[in-house]
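Input sequences plus hints: build the corresponding full structure.
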Amino acid sequence: MDTTQDNEYYHNERMAEWRDKLRKSLKSKERTKIERVKMPEEDPLVRNKSYVEVNKGLSVEQALLEAKRCLDCVDPTCITGCPVGINIPKFLKFVESGDFLSAAKVIKETNSLPAVCGRVCPQEIQCEAQCFYTIKLKSPSAAIGYLERFVADYERDSGKISIPEMMPENHIKVGIIGSGPAGLTVAGELAKFGYDVTVFEALHKLGGVLKYGIPDFRLPNMIADVEIETIRKMGVKFKTNFIVGKTATIDELKKQGFEAFFVGSGAGLPNFMNIPGENSVGVLSANEFLTRVNLMGGSKKDFDTPLYVGKQVAVIGGGNTAMDAVRTAKRLGAERAMIVYRRSRDEMPARKEEVHHALDEGIEFLNLYSPIKYNADEKGRVKNMILQKMVLGEPDKSGRRSPVPLAGSEEEVAVDMVIVAIGVSPNPLIPQSMPELEMTPRHTIKVDENMMTTVPGIFAGGDIVRGGATVVLAMGDGRKAAAGMHKYISSVVHNHLLVS
Amino acid sequence: MYKITEKEFQSPNVVKLVVEAPEISRSRKAGHFVIIRIDESGERVPLTIVDSDPEKGTITLIVQKVGVTSHKLTLLEKGDFILDVAGPLGKSTHIEKVGTVLCCGGGVGVAPLYPIVSAMKKAGNKVISVLAAKSANLLLLEKEINACSDEVIIMTDDGSRGKKGLITIGMEEIINREKVDLAIVIGPAIMMKFGALLTKKYGIKTMASLNTIMVDGTGMCGACRVTVDGKTAFVCVDGPEFDAHQVNFEEMLLRLNAYKEMEEESYSQCSLKPVLDER
Chain U
1 MDTTQDNEYY HNERMAEWRD KLRKSLKSKE RTKIERVKMP EEDPLVRNKS YVEVNKGLSV
61 EQALLEAKRC LDCVDPTCIT GCPVGINIPK FLKFVESGDF LSAAKVIKET NSLPAVCGRV
121 CPQEIQCEAQ CFYTIKLKSP SAAIGYLERF VADYERDSGK ISIPEMMPEN HIKVGIIGSG
181 PAGLTVAGEL AKFGYDVTVF EALHKLGGVL KYGIPDFRLP NMIADVEIET IRKMGVKFKT
241 NFIVGKTATI DELKKQGFEA FFVGSGAGLP NFMNIPGENS VGVLSANEFL TRVNLMGGSK
301 KDFDTPLYVG KQVAVIGGGN TAMDAVRTAK RLGAERAMIV YRRSRDEMPA RKEEVHHALD
361 EGIEFLNLYS PIKYNADEKG RVKNMILQKM VLGEPDKSGR RSPVPLAGSE EEVAVDMVIV
421 AIGVSPNPLI PQSMPELEMT PRHTIKVDEN MMTTVPGIFA GGDIVRGGAT VVLAMGDGRK
481 AAAGMHKYIS SVVHNHLLVS
Chain A
1001 MYKITEKEFQ SPNVVKLVVE APEISRSRKA GHFVIIRIDE SGERVPLTIV DSDPEKGTIT
1061 LIVQKVGVTS HKLTLLEKGD FILDVAGPLG KSTHIEKVGT VLCCGGGVGV APLYPIVSAM
1121 KKAGNKVISV LAAKSANLLL LEKEINACSD EVIIMTDDGS RGKKGLITIG MEEIINREKV
1181 DLAIVIGPAI MMKFGALLTK KYGIKTMASL NTIMVDGTGM CGACRVTVDG KTAFVCVDGP
1241 EFDAHQVNFE EMLLRLNAYK EMEEESYSQC SLKPVLDER
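Residue numbers (the numbering used here), protein chains in the order written: chain U, 1 to 500; chain A, 1001 to 1279.
Any given hint could be a false lead.
[To be verified] Derived list of chain A stretches under chain U, where covered just means 3 residues or more per stretch with a C-beta under 8 Å from a C-beta of chain U:
1. 1029-1043
2. 1085-1096
[Claimed, not checked] In the DSSO-like style, the derived pairs of lysine-lysine whose C-alpha atoms are separated by at most 27 Å in a straight line are:
3. A/Lys1016 with A/Lys1029
4. A/Lys1231 with U/Lys379
5. A/Lys1072 with U/Lys239
6. U/Lys373 with A/Lys1231
7. U/Lys136 with U/Lys29
8. U/Lys300 with A/Lys1260
9. U/Lys239 with A/Lys1091
10. A/Lys1003 with U/Lys237
If you are wondering where the hints come from, they were derived from the structure by calculation, not from laboratory data. Keep in mind it's a predicted model, so treat the numbers as computed, not measured. Here a beta-carbon is modelled for each residue, glycine too, at the ideal position from N, C-alpha and C.
Here is the structure:
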């Protein structure tokens, strides 16, 4: 991306008459005096028994006031913190002026899933970390994430969902493998460029991790469905139950006229620790547990997928997936729902907000412990775990202090269910079916700066390239890949397209 | 939506369904399976692709009534639809000419055995099949297996057809008679376990097709994991076929029963039972 050009663009936008007027309507000093809005939340002891969304969303009054805090900076550093480059000041200023539908349009220029991102992005390390308040005033940033969510929800509830501006159809077929956040983003972007886009999804429902992974109390399925429906309205076709590499190979799809592909098949392969007893009944991956609950309705009456929920549940790991799993287990009736994490609470990779939500809901945290063995009863069902106490040693390559086992410190804890959430590896199905794809030692697909793989015309992004990462980084890859694909198709395959 | 174009009872509790799934019918090979989901509230269950007709765009599935979903499947009629059919999944069977192949199938395991028997024969092997069932009326695909085997031995628990006794008796008879280069055992886990113990005694390389619990079937959950040669493997992407002498069948048997009580409860409570009784 050409930053000089971008800066000029943002500057011109900022100088628009309405923005100028709005800026002058309130002194910066007055704006900085306003306190950051607090997100209304469902009562922890009510919500930990139901699937109701924890964050209840801002009211119109809260949104209008919060948007006033944004200083509409000359140099909007917040944008640089957003992986999909949303024109943040412009959308915030539309919020301040009460024109929420225009604000929604601004977000959707670069983000096809605003209601999702407003809920699940770690804004505190992205846009909000680059906000003038954070970096210069050392005070709480403008609540960009809350406002993105507010705007998206407002647009949806208004029934006036807009579709982004589209270029004329160019009848060039492109295939997207995987309907998770990366694939959906590429699909939306390429549809805007006028391509004939088909998304292939292996499961029976669209959305990837948005559906099978993230629970309803953080992201209701309906929210993702509405945003997927908007992408469908942009002309994108979806094929479920289609496993590329199995149902048909990429070569076969090429023969059907597909000219370029994006592989966004994610990091679905759960990691296990390979310790004794890990294959006992009742020890399962977070992916399996969350899929049974979120995708299959396993906890609902009249749904056929069985779900065992223990009374004493240990979730191994300290990331967002671990938090989702442990809070789900609590909601389904676990008496003891425990996080077992080998480092201290400060090192947990989960969002601070999720850790606090979990604590409020009565989740126990066993920090500085690591399981070394599971024991099972005569039916093979797990009955206890042996935990080893850890101490923090020297910082490792990533800068985090490595846990070191404390010899002779084994403790036995009774459990009847263990959920392993120690990370995921890239799904092997596409690499297995395409041996010519060059892989990295971490089993991820190797890509260049345009997100193109070592096979011309095949692009990749999201977790299949990064390993387990976040929704919005996958979407950032998607935007980059869409631009790369458009450039590739325009210059290599159809050299007339990019003349404009 | 995937249309059922043919339906036929093979035995009182086993039904053959031919289902329209053109893309799968073109891509499938012996050893592959599909994951199906009947309706919106349904579960995902794995079923081996028994046969396919790429020209008609259909695949053949064989279902034994054991619980809620399989029972619902047997109640579907020609012209009805299955909501989701995903596949072909798993690794296909490694087919090559090895000499004499002993193909052993127990109960509904004969269904996944059939495409392998057929492919082994086509590859130029001498194929001897041993089929086992509780009684004569529960024998599956006898005609089809006969058509692609050099010899077929039938074993029934009650002696109502063929020889009386377990499948291992038939297997040992062949092994004692002639050199076997490869054995394949498919059936209930307990049968595969004893089949594998027998061939191990004689040093015969043996493959088993494992039928573990699955959810997605694409490698993303690990519900189907088994221990093979001391290491964890996912049946849906690393299998379903493994060296039977390396499989920890004890662990697999325990894991297969993980939801047994729930399955039995939901089957006894579901509204299908009265329908069954009327039939």
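Each hint tested on the structure:
For the region 1029-1043 of chain A, the stated coverage by chain U is satisfied: 4 residues place a CB nearer than 8 Å to a CB of that chain, which reaches the threshold of 3. Coverage of the region 1085-1096 of chain A by chain U holds in this model, with 5 residues showing a Cβ closer than 8 Å to a Cβ of that chain against a need of three. Of the supplied pair hints, the one linking A/Lys1016 and A/Lys1029 holds, its CA atoms being roughly 19 Å apart against a limit of 27 Å. Restraint check for A/Lys1231 and U/Lys379: satisfied, since their Cα atoms lie roughly 21 Å apart, inside the 27 Å limit.
Among the hinted pairs, A/Lys1072 with U/Lys239 is consistent with the structure: their alpha-carbon atoms are about 26 Å apart, no more than 27 Å. At roughly 16 Å between alpha-carbon atoms, U/Lys373 and A/Lys1231 fall within 27 Å of each other, so this suggested pair holds. A C-alpha spacing of about 14 Å is found between U/Lys136 and U/Lys29, which places the hinted pair at or below 27 Å, so the restraint holds. A C-alpha spacing of about 18 Å is found between U/Lys300 and A/Lys1260, which places the hinted pair at or below 27 Å, so the restraint holds.
This hinted pair checks out: U/Lys239 and A/Lys1091 have alpha carbons roughly 23 Å apart, not beyond 27 Å. A hinted pair counts as satisfied when its Cα atoms are at most 27 Å apart, and A/Lys1003 with U/Lys237 qualifies at roughly 21 Å.
Against the hints set out earlier in the document, no violation occurs for any number.
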